[in-house]
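The listed protein sequences correspond, in order, to chains A and B.
According to our numbering, the first sequence is numbered sequentially starting from 1.
According to our numbering, the second sequence is numbered sequentially starting from 244.
Simulated from the structure, these hints should not be mistaken for lab results.
Remember, predicted model here, so these are calculated numbers, not experimental data.
Errors might be hidden in some of the hints.
[Unchecked claim] Here's a subset of chain A near chain B, in silico, CB distances under 10 Å, partners left out: (1) S137; (2) M217; (3) G218.
[Stated by the list, open to error] Using C-beta positions, here's what the derived DEER-type ranges look like: (4) B:K444 / A:Q136: 19 to 25 Å; (5) A:D150 / B:R430: 41 to 47 Å; (6) B:R430 / A:R32: 50 to 56 Å; (7) B:I356 / A:E35: 23 to 29 Å; (8) A:H12 / B:I356: 40 to 46 Å; (9) B:G440 / A:R32: 20 to 26 Å; (10) A:A2 / B:L402: 51 to 57 Å; (11) A:K85 / B:D279: 55 to 61 Å; (12) B:Q270 / A:R111: 23 to 29 Å; (13) B:K444 / A:K160: 26 to 32 Å.
[To be verified] Output of the computed footprint for chain A on chain B, the stretches with three or more beta carbons under 8 Å from beta carbons of chain A: (14) 338-351; (15) 376-382; (16) 409-420; (17) 465-477.
Beta carbons are placed, not taken as given, at the ideal position from N, Cα and C, and that holds for glycine.
There are 2 protein chains.
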Amino acid sequence: MARFFMAGTNIHGGRAIIKGRDAEHVQVLRLRPGEDLVICDGQGTDYKCRLVKADREQAEAEVLEVVRCPAEPTVKVSVLCGLPKGDRSDYIIQKSVEAGAEEILFFDCARCIAKPDKPEKKLERWQRIAEEAAKQSGRGIIPQVGWAGDLAGALDLALKKELGLFLYETGEREPLDRVLEASRQVRTAALITGPEGGFEKFEADLARIAGLHVCSMGERILRCETAPVVALTALMYATGNLS
Amino acid sequence: MARFFMAGTNIHGGRAIIKGRDAEHVQVLRLRPGEDLVICDGQGTDYKCRLVKADREQAEAEVLEVVRCPAEPTVKVSVLCGLPKGDRSDYIIQKSVEAGAEEILFFDCARCIAKPDKPEKKLERWQRIAEEAAKQSGRGIIPQVGWAGDLAGALDLALKKELGLFLYETGEREPLDRVLEASRQVRTAALITGPEGGFEKFEADLARIAGLHVCSMGERILRCETAPVVALTALMYATGNLS
Numbered sequence: 001m002a003r004f005f006m007a008g009t010n011i012h013g014g015r016a017i018i019k020g021r022d023a024e025h026v027q028v029l030r031l032r033p034g035e036d037l038v039i040c041d042g043q044g045t046d047y048k049c050r051l052v053k054a055d056r057e058q059a060e061a062e063v064l065e066v067v068r069c070p071a072e073p074t075v076k077v078s079v080l081c082g083l084p085k086g087d088r089s090d091y092i093i094q095k096s097v098e099a100g101a102e103e104i105l106f107f108d109c110a111r112c113i114a115k116p117d118k119p120e121k122k123l124e125r126w127q128r129i130a131e132e133a134a135k136q137s138g139r140g141i142i143p144q145v146g147w148a149g150d151l152a153g154a155l156d157l158a159l160k161k162e163l164g165l166f167l168y169e170t171g172e173r174e175p176l177d178r179v180l181e182a183s184r185q186v187r188t189a190a191l192i193t194g195p196e197g198g199f200e201k202f203e204a205d206l207a208r209i210a211g212l213h214v215c216s217m218g219e220r221i222l223r224c225e226t227a228p229v230v231a232l233t234a235l236m237y238a239t240g241n242l243s
Numbered sequence: 244m245a246r247f248f249m250a251g252t253n254i255h256g257g258r259a260i261i262k263g264r265d266a267e268h269v270q271v272l273r274l275r276p277g278e279d280l281v282i283c284d285g286q287g288t289d290y291k292c293r294l295v296k297a298d299r300e301q302a303e304a305e306v307l308e309v310v311r312c313p314a315e316p317t318v319k320v321s322v323l324c325g326l327p328k329g330d331r332s333d334y335i336i337q338k339s340v341e342a343g344a345e346e347i348l349f350f351d352c353a354r355c356i357a358k359p360d361k362p363e364k365k366l367e368r369w370q371r372i373a374e375e376a377a378k379q380s381g382r383g384i385i386p387q388v389g390w391a392g393d394l395a396g397a398l399d400l401a402l403k404k405e406l407g408l409f410l411y412e413t414g415e416r417e418p419l420d421r422v423l424e425a426s427r428q429v430r431t432a433a434l435i436t437g438p439e440g441g442f443e444k445f446e447a448d449l450a451r452i453a454g455l456h457v458c459s460m461g462e463r464i465l466r467c468e469t470a471p472v473v474a475l476t477a478l479m480y481a482t483g484n485l486s
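Please build the complete structure, drawing on both the sequences and the hints.
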């Protein structure tokens, strides 16, 4: 069924008013009065609607039912990644949104090859990728894409969550499954993964001292754009959000 | 540490002889006598070696230790995917190899948009992608990429495994976690995922009748190139191969 995001304020008294680009989209999809669609308030609530009127400028729909979006996981996960090169960030955003992330934040750290001169310039494009992926995968929110500054900023954000994982390739680490099996009920979590070259040892040490779980994901070396999606999937699986 | 794949027969009496493209690669990496490298027989065994000689045509290394490659999972997973469009197959291959697949096979089915005129033409390129990903992620084998024909061929292959999962987006399905938690000890498994438009109902019915587990992965709709990697990650996690 067609899904649209809109501000909750456009729904009043059992009627939804669809304007602008979304009204055009209703026309592009050739939706006719009498057909059903879902309007999502972007906060996790779905309005199941039936189309009443569809003009180029405006469409109107009758609200049939208001439900919590079933695609939203019970755990809000912040995915924090060392900024990668090229279009790998696009990939991380798209796949993390599909896999259920609440937000995706990039940061600068020791081995980042990509140097974020003006990351805010990229945010608009990144946010569009998140919005497209959210629509396509049936999410109830549009995950936010942002810039977390440096590793200290990322650690600070992660420490505010019930569970903070720092994925690291070598040395002293906790097995991911042991940590996750003790965390099945968490409501907020953060996953930190590195850029192309991974993290320096001092960065992992800092994460550990700060109180994060420094974890391994097995002996296979994952690319920097693969690691966040694999970690997020494991977390979703462990918390019962993949069934 | 640098990793090379080679036929096991090139190792005799504690000496490894590296020829051809791999000998050139030793030079490109500027490895010098006295430096260590790993030579993998492609069957899951790693030969930890020290370089003795490095010429353009041939390099020689002394075998220090022979170990089972720690990156190889305990479960051999066949990833079977409805052939997707464009470069999505490349992506599925690369990520499935990183995530631990034993083999990746494509097949034709009802909603395939990509029509495989001569899939065998693609196999050589696909196999190179698998080899590169295997080297990069430290795998002990080079997963094979192949063509499984049609859905019947894919079902037949899946039924030969201890565990066969058919990932499907709607209707009657078993929760993935319930199936996987009952299958923690499996040694062979197959995952079947659909092309861009997913599967037709009759295809899912056929899989169920044949004896596969028709499973859901939650309410988020995953792209055809994301689903295999998510399913594989969940299986690796559940069988203790992600820690």
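| said: Tell me the numbers of any earlier hints that the structure contravenes, in ascending order. | reply: Failing hints, ascending: 10, 11, 13.
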